[in-house]
Amino acid sequence: MANYFDPAIETASREFIREMQNKKLVEQVRRVYENVPFYKEKFDEAGISPDDIKSIDDIGKLPFTTKDDLRDQYPFGLLGCPLHDCVRIQSTSGTTGRRVVAFYTQEDIDLWDTSCARALVAAGATAEDVVQVSYGFGLFTGGAGLNGGSHKLGSLTLPMSSGNTDRQIQFMTDLGSTVLCCTPSYAEYLAESIYERGVRDQIKLKAGIFGAEAWTEEMRKDIEQKLGIKAYDIYGLTEISGPGVAFECCEQTGMHVNEDHFLVEVIDPKTGEILPDGERGELVFTCIDKTAFPLIRYRTRDLCILSRKQCSCGRTFVKMSKPLGRTDDMLIVKGVNVFPSQIETVLMNKGYPANYQIIVTRENNSDKLELLVEMTPEMFSDDINSLNRREKELIEALKAMLGIMCKVRLVQPNTIERSEGKAKRIIDKRDLYKA
Amino acid sequence: MTIKQISVFLENKPGALRKMIDTLADKNINLRSLTLVESQDFGLARIITDDPYNTSTVLREEGYVTSIVPVFAVEMPDEPGGLTSVLGVLSDNDININYLYAFTGSKKNAAYVVLRIEEIEKAKSVFISNGIKPLCSEELL
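Just so you know, the sequences run in chain order A and S.
With positions in the first sequence counted from 1, the corresponding number in this note's numbering is that position plus 367.
With positions in the second sequence counted from 1, the corresponding number in this note's numbering is that position plus 1.
For the record, the hints were derived by calculation from the structure and aren't laboratory data.
Please read these numbers as outputs of a predicted model, since none were measured by experiment.
Among these hints, one or two may not hold up.
Every beta carbon over 10 Å from chain A, so not counted as near; a handful from chain S, in silico [to be verified]:
no., residue
1, Y65
2, S86
3, K123
Cut-off 30 Å, straight-line C-alpha distance, at most; resulting in silico cross-link-like pairs (DSSO-like, lysine-lysine) [claimed, not checked]:
no., chain 1, residue 1, chain 2, residue 2
4, A, K796, S, K20
5, S, K14, A, K766
6, A, K717, S, K14
7, S, K20, A, K774
8, S, K14, A, K735
Residues of chain A placed beyond 10 Å of chain S at every Cβ, according to the derived structure [said to hold, decoys possible]:
no., residue
9, S422
10, D435
11, R455
12, I456
13, T743
14, V778
Backbone N, C-alpha and C fix where the C-beta goes; we use that ideal spot for every residue, glycine too.
Produce the complete structure using the sequences and hints provided.
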């Protein structure tokens with residue numbers, strides 16, 4: 368049996384959803400034109416006035432917002448309301464040193480919490496459940512989003528944050544957690560730790576919501592079998608709000624987009640043209656009722672397919688596939704976004720040549736990031752202490768930039784694999800996007 | 002008064018040293034001394050040869066990163082306490098040693114110590130005033 372958090376909206380007719388989106392989009396376009404100088408300039412440049420946008424059919428007339436725009440407008444350039452109306456920020460890494468900071472009004476938080484509450488209900492949670500939130504808390508949206516959703520639903524919420532596996536398992540058994548929210552790789556790790564400790568029969572989990580990184584169907588089956596639960600995917604990004612932009616239902620064949628808040632399109636990443644349902648392209652979102660950080664046609668760089676086939680769960684929201692890849696070279700390591708350009712920035716700041724290779728592996732269900740840097744005559748000296756010190760400084764600078772540990776390995780010159788004269792910068796051995 | 006020692010960057014993996022040694026052998030370069038220092042994931046080979054500039058050029062052409070460092074080589078008697086006089090002179094004059102290594106050569110009853118000292122000029126004058134004569138590379142047999 369399917370359950371809904373907002374049955375009237377989640378199962379509304381397409382006409383109803385369309386009407387609501389039309390109204391919200393028209394208002395939002397007018398609001399950003401009047402309140403965000405960046406958008407006024409951008410619309411003017413494109414020769415678009417808010418009057419030209421009469422319905423969601425006109426969405427294609429609006430210019431895109433890109434990750435570079437976020438970088439250029441940091442920190443306040445995209446604010447859609449006075450700063451004193453904002454109650455929170457969340458943040459994620461940018462493509463270089465500059466982070467993305469997203470602002471929220473209380474209403475923005477409420478709609479985000481609601482989006483997460485819908486995801487929890489779709490995974491079978493009710494107010495009777497005990498929800499263990501083992502995503503990181505802090506600037507990362509994972510913890511805050513599911514925590515808020517669980518509160519909204521009225522479940523008992525365990526704001527565990529990530530790490531400290533012993534405590535995770537102890538609370539899980541002692542407090543009888545029934546729903547687990549974390550990254551899929553951490554779920555795998557927890558599952559194995561539970562086995563190792565021989566406490567599999569003491570856990571009461573029935574479902575898990577796992578997102579913030581790519582995972583395969585094989586991983587899903589493995590987690591489901593090991594923990595005896597149903598494992599659900601969830602999608603989101605800080606720029607649009609956080610987890611809960613889209614969520615999986617009992618059918619487990621894609622994620623329903625919360626279309627009353629987020630208008631979704633799939634475009635050809637080269638031409639920018641809107642693609643029909645069923646075609647693979649870049650996912651683009653427009654926040655149609657957020658106030659503080661109202662992004663218009665934000666290009667996510669995630670490759671996806673949309674489907675409007677009727678879903679057996681009864682929800683009428685469009686479904687998006689799992690991300691099938693990226694249009695850029697972003698990596699997600701331990702749930703954290705990593706851009707090679709960030710690593711280049713650190714190398715340059717520290718006086719290293721930008722001749723490097725990133726190797727990502729998954730060992731014991733934990734992502735490992737290793738950076739190979741070619742030694743140069745300028746960097747080299749006979750003094751092993753100073754070589755070690757420099758290496759340590761580099762590791763610390765990378766940690767500060769990326770937010771996660773990155774192992775550094777100094778290698779001999781010209782040993783980093785080059786194809787057609789161009790070095791292969793990223794080797795991702797995890798193979799996460801296979802169908 | 003000092004000898005040119007070549008330091009070579011090596012990755013810490015099987016075969017890395019052998020490859021370097023093969024490179025030198027191919028060019029008919031003989032090693033007077035070789036020591037290895039290892040760090041977590043890389044190593045340093047410190048070598049002394051007859052012609053440091055030629056050796057260094059050969060290695061660079063093969064893609065190695067090298068650094069030439071002046072070191073002192075001192076002959077000492079090959080007997081218990083042979084190192085005492087050299088170390089005593091340095092410690093009496095408050096001179097620090099970064100590292101050293103010692104070995105014997107083909108000369109009977111003689112041993113050699115190679116010292117890396119940062120205060121080169123001070124060490125030179127202290128050696129001279131104490132009657133210790135550091136060797137040049139031809140003398141290192």
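Does D435 of chain A really sit off the interface, with its C-beta more than 10 Å from all C-beta atoms of chain S? The assertion about D435 of chain A holds, with a minimum of 36 Å to chain S.
Non-interface claim for S86 of chain S, where every Cβ of chain A lies beyond 10 Å: holds, 26 Å
Minimum Cβ-Cβ distance from Y65 of chain S to chain A exceeds 10 Å: violated, 7 Å
Taking 30 Å as the top limit, are the C-alpha atoms of K14 of chain S and K735 of chain A close enough? holds, 20 Å
Verify this label for me: V778 of chain A is non-interface relative to chain S, using a Cβ-Cβ cutoff of 10 Å. Violated, since 6 Å does not exceed 10 Å.
Verify the proposed pairing of K717 of chain A with K14 of chain S, using a straight-line Cα cut of 30 Å. holds, 26 Å
Regarding the assertion that R455 of chain A does not contact chain S, is the least Cβ-Cβ distance greater than 10 Å? holds, 42 Å
Would the non-interface assignment of S422 of chain A survive a Cβ cutoff of 10 Å against chain S? holds, 60 Å
Given the hinted pair K14 of chain S and K766 of chain A, is their alpha-carbon gap at most 30 Å? holds, 26 Å
Interface exclusion of I456 of chain A relative to chain S, criterion Cβ beyond 10 Å: holds, 38 Å
Is the straight-line distance between the alpha-carbon of K796 of chain A and that of K20 of chain S 30 Å or less? holds, 28 Å
Given the hint that K20 of chain S pairs with K774 of chain A, does the C-alpha gap stay at or below 30 Å? holds, 26 Å
Of the numbered hints stated above, those contradicted by the structure are hints 1, 13, 14, listed in ascending order.
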